[in-house]
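*Asks:* Please take these sequences and the hints and turn them into a complete structure.
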Amino acid sequence: MSATLSTEVAHGGGSALERVNDFSIQVATVNGSGSQTANTVLMRSIFQMGVPVSGKNLFPSNIAGLPTWFTIRASRRGYIGRKKEIDFLVAMNAETANEDVDELAPGSAVVYDEPLRLNERRSDLHFYPVPFDKLVAPVCPEAKLRKLVRNMIYDGVVAHLLGLDLEEVHKALTRQFGARKQKAAELNWNAVLAGEEYARNHLVKRDPFSVHRMNENAGKIVIDGNSAAAMGCMFAGVTVVTWYPITPSSSLVETLINYMRRYRIDQDSGKATYAIVQAEDELAAIGMVIGASWAGARAMTATSGPGVSLMSEFVGLAYYAEIPAVIWDIQRVGPSTGLPTRTQQCDILKNAVLSHGDTRHPVLFPSSPEECFSMATTAFDLAEEFQTPVFVNSDLDLGMNNWTANAFEYPEAPQKRGKVLTKEDLDRLGGFMRYADLEGDGVGWRTLPGTNHPAAAYFTRGSGHNEKAGYTEKPDDYVANMDRLSRKFNSIRAALPHPIADVREGAKIGLVYCGTSRYGCEESRDQLREESGVETSSLRLLAYPFGDELESFIEQHERVYVVDQNRDAQLLGLMRLDLDPRLTAKLRSIRHYNGLPLDARTVTEEVVRQEGI
Amino acid sequence: MSTIPATPPKKTNHIGLEVLNYRGAKTTLCAGCGHNAVSERLVECFFEMGVEPWRVAKFSGIGCSSKSPAYFLSMAHGFNSVHGRAPSVSTGAMLANKTLLGIVVTGDGDTASIGIGQYIHMLRRNVPLIYIIENNGVYGLTKGQFSATSDSGAKSKSGVVNELQPVDCCVEAIQIGATFVARSFSGDKRQLQGLLKAAIAHRGLSVIDVISPCVTFNDHEGSTKSYSYMKDHDEPLHTVDFVPYFTDIEVEIEEGQVQDIEMHDGSRLRLHKLEHAYDPTDRLKALTTIQASKDAKEVLTGVLYLDATSENFLELLNTVDAPLATLPQSATRPPREVLSALMEELR
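Order-wise, the sequence lines are chains A and B.
For my numbering, add 5 to where a residue sits in the first sequence, where the first one is 1.
For my numbering, add 458 to where a residue sits in the second sequence, where the first one is 1.
Calculated from the structure, these hints are not laboratory results.
All values derive from a computational prediction rather than experimental measurement.
Be aware that one or more of the hints could be misleading.
To give an idea of the interface, some chain B residues facing chain A are shown, with a C-beta separation under 8 angstroms as derived from the structure [unchecked claim]:
no.: 1; residue: GLY490
no.: 2; residue: MET533
no.: 3; residue: ARG648
no.: 4; residue: LEU782
Derived DSS-like pairs: lysine-lysine, alpha-carbon spacing no greater than 27 angstroms straight-line [unchecked claim]:
no.: 5; chain 1: B; residue 1: LYS752; chain 2: B; residue 2: LYS615
no.: 6; chain 1: B; residue 1: LYS613; chain 2: B; residue 2: LYS743
no.: 7; chain 1: A; residue 1: LYS225; chain 2: A; residue 2: LYS176
no.: 8; chain 1: A; residue 1: LYS473; chain 2: B; residue 2: LYS647
no.: 9; chain 1: B; residue 1: LYS743; chain 2: B; residue 2: LYS689
no.: 10; chain 1: B; residue 1: LYS484; chain 2: A; residue 2: LYS479
no.: 11; chain 1: B; residue 1: LYS468; chain 2: B; residue 2: LYS484
no.: 12; chain 1: B; residue 1: LYS615; chain 2: B; residue 2: LYS601
no.: 13; chain 1: B; residue 1: LYS689; chain 2: A; residue 2: LYS479
Just the calculated beta-carbon pair ranges, DEER-fashion [what the hints assert, rightly or not]:
no.: 14; chain 1: B; residue 1: ALA799; chain 2: A; residue 2: ALA223; range: 16 to 22 angstroms
no.: 15; chain 1: A; residue 1: ALA223; chain 2: B; residue 2: GLU773; range: 55 to 61 angstroms
no.: 16; chain 1: A; residue 1: ASP481; chain 2: B; residue 2: ILE634; range: 45 to 51 angstroms
no.: 17; chain 1: A; residue 1: ARG180; chain 2: B; residue 2: PRO793; range: 22 to 28 angstroms
Ideal placement from N, C-alpha and C gives every residue a C-beta, glycine not left out.
*Replies:* Structure, rendered in structure tokens:
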């Protein structure tokens, strides 16, 4: 096979451009067959070769037996969003193989289990049959392990076909199994070698795809968003975590438990500097968070859309009684149970206004592991500074998939614990009014239960209350309190992370988006420029409530496309609630909501269609 | 020569506070409501036990009973949360600060209906809390609907007869994991005092189901939660005395008539036997005795179950001695080297 870096290489049977470090691999397997290990090793091998790479696991809501697809994208230009087209298929699942092959574009490559005879379906693809069962038997004498080891064979085959450095594959595999599982690592390595040897001796490379070393990953890490969030919460100083398991958020807390056990045990006493409690449901989870935050702890929960729906009443209490809370919402496809293992950004509108009555909550939109890590500290600081619930809207794509990221930066700033009066403060002041707005920012001073002072106590209630936290039904008291809460929400605006703008000279149109939509949008802007000659500006929102930057961005452009990963254009809807109609008249909508991560082509096609290009 | 009448010395408890320091706001409940008597007992007991009021945290859900925390211990923080959810809120607060003395006052609507899920799980965890159910068998704030603790056959004020079986909060508590379970009557001052003091001393979850008549909606003929019904059907298991650890009064004990149970703090719960030979440390016996009393149309009151030794939820979690809430940043943010090591693992 050719191993040159030239981009145009003639291949036997027809001329094709060699595609170096620019293609996507899809592995179709069965849930529960251990393919995750093989896929991770494959992805890491490419990562170690310095090539920008991303992996996405498309899995069913099922323990074992249903189809699963894992997509790995290598991109020399650094695009890590989902690529709509599959270039290189590894077909291991008889159930979906025909359909998977039918969907491929001409010229794609297919590694498949020989008995499936997929080569009979089409003549415009590059087929590589591999007798997996014959190859696995000699390397894995124990029959019951074969189902798991079998998948490692395709790693060897693919490594040969794409030109992966076997040393890197070995390194990735050793790392995956760890020092304690040496025997398993050896068994799997032998399977990789068997696959590689078979490919070398029996397959003739015909497809154009290959991996060549780059140096784009120096210093980088590979991590999923939920683990990054968990790490962020540990460094943010969380002390109370109460939760109820729900896909796709469970791994956030489970990873956090592991980190906390390692790094948050007091050395002298051997006791924990945290409490993590699995609650009986999401109502209890948020109730415990609110009780703990009221008593002064940095408390959080992690959940997904259905859990947030259950927390609605309590979140209204926390808003009105002004109690901090950090809620991670790893969004998945709704409504109702929806598609529990697919991704969407469908809780934007709900979280911003959750609960009955007039309520508003800040929402953060992380787009990467780095932001999951840093926004954990931001969320706790905001919650305590402004004594209010804060949502962090991640999503399944970000939370559960592995991403390449820059090493996280240690949080340097001191924790912002907000306006809390101590016994010494009270000795000096004599007393306090819980809900009085002394500084004009709408935020009152609070005391914590257990404060040893006769004037420390106050009564917290979700019913009408005045400045002194006393019960009231007086119209003036009610209005004054609600207006102060509005003032407080405005103060939050200034403390939020600012949106990231890329305004291009002469661009008439702009794209506005948040969270993981950035990957499809960033790539689409290149496509629009390169394919259609259309220059665009972009604004990535990091938080709600929106700031002035959004308004001026809209002012600067003739038309602004708001990109939403939901059916009802929720991000756009939130803008309609908050912005002047003169500005919202310029907004257009691009929506993507089929449960798969947003891809660039979808955005490009919509802009082209709506612009009439 | 002038004579100034000598003011009698004010009565103080062993930490030097007066009963005044334990009072709350003026009640807004109906005159004669059983809940007011419970609030008065709480004021007396916290005073006599010499508890620092600022160390107490009060919780409730929604309903008449849930207004009670405003009517005792103004010097303690209070939290009137959402309907049926005081167990989770109070659990969270105790996680944040294990040095607090938490007390929940709720009703039968909170506990046996909307919040029964949270109630059951609080029991399972044996969270160190005093959980008082002011049980009147009726929804007061919404004007007289039956609650889930209404007895089968009980008649509402409008004449409707309840045909469903009641939830017995004490039976649930004993079966699932509370370590101190008692039933009382708001009109039995002495018994309620003894039980509340024991609950203050107990280091696990104390559940006290107090039959507390609603004078407005459930005090009529045909009600099984009225003052007159309780006067006729209250069947005390024993008289309850509580001897705190800080008093050393020695009383002569009649052999065989008194059961002394030592509490975690060294206090003693002294049960004087009446007709029943009842040992509240026997869980199975407790359940069968309660069932037998129901069949006999009696309301059994007193200490139904006590396990003074089991570990509570906070002890199982093994957190540092200081409150998690106020740990300094140095204790809650791992050093820079930890992040560097984690980054290295992920490269």
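*Asks:* Between LYS615 (chain B) and LYS601 (chain B), is the straight-line Cα distance small enough, at 27 angstroms or below?
*Replies:* 10 angstroms, holds
*Asks:* Given the hinted pair LYS689 (chain B) and LYS479 (chain A), is their Cα-Cα distance within 27 angstroms?
*Replies:* 42 angstroms, violated
*Asks:* At a threshold of 8 angstroms, is the proposed contact between ARG648 (chain B) and chain A supported by beta-carbon distances?
*Replies:* Where the cut-off is 8 angstroms and the nearest Cβ of chain A is about 30 angstroms from ARG648 (chain B), the hint is violated.
*Asks:* Does 22 to 28 angstroms hold as the CB distance between ARG180 (chain A) and PRO793 (chain B), or does it fail?
*Replies:* At roughly 25 angstroms between Cβ atoms, PRO793 (chain B) and ARG180 (chain A) fall inside 22 to 28 angstroms, so the hint holds.
*Asks:* Between the beta carbons of ASP481 (chain A) and ILE634 (chain B), is the distance compatible with 45 to 51 angstroms?
*Replies:* 47 angstroms, holds
*Asks:* Under the criterion that the straight-line Cα-Cα distance not exceed 27 angstroms, is the pair LYS613 (chain B), LYS743 (chain B) satisfied?
*Replies:* Violated: LYS613 (chain B) and LYS743 (chain B) sit about 31 angstroms apart, past 27 angstroms.
*Asks:* Taking 8 angstroms as the limit, does the beta-carbon of LEU782 (chain B) come near enough to a beta-carbon in chain A?
*Replies:* 4 angstroms, holds
*Asks:* Tell me if the beta carbons of ALA799 (chain B) and ALA223 (chain A) are separated by a distance inside 16 to 22 angstroms.
*Replies:* 19 angstroms, holds
*Asks:* Would you mind confirming whether the straight-line C-alpha gap from LYS484 (chain B) to LYS479 (chain A) stays at or under 27 angstroms?
*Replies:* 19 angstroms, holds
*Asks:* Under the criterion that the straight-line Cα-Cα distance not exceed 27 angstroms, is the pair LYS468 (chain B), LYS484 (chain B) satisfied?
*Replies:* The given pair, whose Cα atoms are some 22 angstroms apart, holds under the 27 angstroms limit.
*Asks:* Quick one, are LYS752 (chain B) and LYS615 (chain B) close enough, alpha carbons at most 27 angstroms?
*Replies:* 23 angstroms, holds
*Asks:* Does LYS473 (chain A) pair with LYS647 (chain B) here, judged by a C-alpha cut-off of 27 angstroms?
*Replies:* With a Cα-Cα distance of about 34 angstroms, the restraint between LYS473 (chain A) and LYS647 (chain B) is violated, given a limit of 27 angstroms.
Checked against the numbered hints above, the structure breaks hints 1, 3, 6, 8, 13, 15 and satisfies the rest.
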